[in-house]
Amino acid sequence: MTEFSVIVLFFRRSWGDRGMGAQTEKLGTDPVMPLLLRLALPSMAGLIIGNLYVIVDRMFIGKYVADLGLAAMNAAMPISMVIFAVSILIGRGSAVLYSIELGRKNYAEAQKLFGMSMLIYLIASAVITIGGLLFLDPLLNLVGIPREALPYGRSYLSVSLYGTIFVMLGFQNNLIRGEGYSGLAMFTQVIGAVMNVGLDWLFVAKFGWGMSGAAWATVASQAASTVWVMSFFRSRRSIAKLDWRTFRFYGWNYFGRILYNGCSPFAINVAGSIIWTFQNHMLLEHGSLLAMAAFGIILTVNQLLMGLIFGVTMGMQPLIGYNTGAAKYHRVLKSFYCSILLAAVFALIPYLAVQIFARPIFTWFVDASNTKLIDLGVYSMRRFLLLLPIGCGSILVSQYFQSIGRAPVALFLAMTRQLAFQVPLLLILPQVFGYDGVLFSGPAGDALAFFVACFLMQRELKRLHKCEGEECRAA
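Take 16 as the starting number for the sequence shown in this note's numbering and just add one per residue.
No lab work stands behind these hints, which were simulated from the structure alone.
Some hints could be false.
Below are the DSS-like pairs computed for lysine-lysine, each with C-alpha atoms no more than 27 Å apart in a straight line [to be verified]:
hint: 1; residue 1: 41; residue 2: 127
hint: 2; residue 1: 120; residue 2: 481
hint: 3; residue 1: 127; residue 2: 343
hint: 4; residue 1: 120; residue 2: 387
hint: 5; residue 1: 221; residue 2: 120
hint: 6; residue 1: 120; residue 2: 41
hint: 7; residue 1: 256; residue 2: 41
hint: 8; residue 1: 387; residue 2: 41
hint: 9; residue 1: 41; residue 2: 343
hint: 10; residue 1: 481; residue 2: 349
Label-pair ranges, simulated between beta-carbon atoms [claimed, not checked]:
hint: 11; residue 1: 394; residue 2: 121; range: 35 to 41 Å
hint: 12; residue 1: 250; residue 2: 367; range: 38 to 44 Å
hint: 13; residue 1: 371; residue 2: 264; range: 23 to 29 Å
hint: 14; residue 1: 45; residue 2: 385; range: 36 to 42 Å
hint: 15; residue 1: 473; residue 2: 173; range: 33 to 39 Å
Since this is a predicted model, take the numbers as computed values, not measurements.
We put the beta carbon where it would ideally sit given N, CA and C, even for glycine.
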């Protein structure tokens, strides 16, 4: 028996070999809070693991390739973010519709959504890979790579682009989670994380392959994760089935609905890259290179904390999507209230830890002797993350609307928070308060977005309570 077979057997015994749809039925029947925990905790773990292996990746580049390698990797991030944004556009868009159709027990429609998403992934990955390789140097110059770091960026990105197909197909674990197998979806990310760390050590530290070694380690890890995901859709437990007939064009209606429902997280990621770039300019103008270095660490910590909240929303999505499709509005309400409670716990505890232990956290990333960077970093992190729990609330509301298929509302909330508030605040506050204005633009944007989210959610809760009353009368 191969190692892979042993792993598959372990997961079969862990979850039971119940056949098609057995796990999915639980979304409409099991107690909500335990079910939400079973869905959310693996998602949180997977997101945190995903962030951790990016950190480890940079540690190997920093140690064995040094400054130019780190500069090239950071400069190439906007291109990687575009690939991620397109992946999440298709992945989350199809997952929302998939969960709703499972709730309606419309398995034929769910199969079509799976097939259409697979076809879009293949086409999008081919376009990005070929286009990226053809226009590699212009793209690197566009994102602002230093001339001396260009060979390093070229070496890294020319290999990484070949892994675009694996990045995208790996996002089909959203559908696995939509069927209720959150643990299996998490294991997809564990495979990539563990393999990437091991292969980074082998290719970069031992073989001395430098930037291309780090890129090949990433591509190989992504390929292994994709094999794991695709193997699920070949098993009898999966509702959607993968075979040669899967890759079909089912019509522009399916294409449009997938993109429509995925546009909110897509826009969030694109807007985030714009904000990140814009923020860097403000830091250089009103701060220093030391401030930019400190912010790199702060944003890394912020990503780890956000992984907890997005884990809650990923656990919430199949629950709310399924029960919306099944017209079980009492469970939709309970799922949302339980998600608020869970998000509050996982936002407040890490928030307090960051505020209290900011200095020890910074020493994980930099040498303790670098007191100037640590002092500035501690000062900046406590202020920039001042209203982190409030920001988490607006994200939760945005993802609720995403889960019920109301993508325009989710998109409006996301764009309000990042572009309508954050950009003007970044323009105005630093002119008055200097560097502190850059720091407080984040909390101010979070507070304004939270008020908008509360207003919209209050109206939605009235609608849900009305639907719940009609549901009870019908019963």
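Quick rundown of the hints versus the structure:
Using a Cα cut-off of 27 Å, the hinted pair residue 41 and residue 127 holds, with the two alpha carbons roughly 23 Å apart. A threshold of 27 Å between alpha carbons decides the hint, and for residue 120 with residue 481 the separation of about 24 Å falls inside it, so the pair holds. The straight-line distance between the Cα atoms of residue 127 and residue 343 is roughly 24 Å, inside the 27 Å bound, and the hint therefore holds. For the proposed pair residue 120 and residue 387, the alpha carbon gap of about 60 Å is over 27 Å, so the pair is violated.
For a cut-off of 27 Å, the pair hint linking residue 221 to residue 120 is broken: about 52 Å separates their Cα positions. Restraint check for residue 120 and residue 41: satisfied, since their Cα atoms lie roughly 13 Å apart, inside the 27 Å limit. For the given pair, residue 256 sits about 20 Å from residue 41 by alpha-carbon distance, which is consistent with the 27 Å threshold. Using a Cα cut-off of 27 Å, the hinted pair residue 387 and residue 41 is violated, with the two alpha carbons roughly 54 Å apart.
Simply put, residue 41 and residue 343 have alpha-carbon atoms about 13 Å apart, close enough for the 27 Å limit, and the pair holds. For the hint pairing residue 481 with residue 349, the CA-to-CA distance comes to about 14 Å; that is within 27 Å, so the pair holds. At about 55 Å, the CB distance of residue 394 to residue 121 disagrees with the hint of 35 to 41 Å. Separation of residue 250 from residue 367 is about 43 Å and conforms to the stated range, judged on CB atoms against 38 to 44 Å.
Look at residue 371 against residue 264: about 55 Å separates their beta carbons, and that is not inside 23 to 29 Å. Between residue 45 and residue 385 the Cβ separation comes to about 50 Å, which falls outside the hinted range of 36 to 42 Å. In this structure the hint that residue 473 and residue 173 lie 33 to 39 Å apart at CB is violated, the actual value being about 51 Å.
Comparing the model with each earlier hint shows violations of hints 4, 5, 8, 11, 13, 14 and 15; every other hint is respected.
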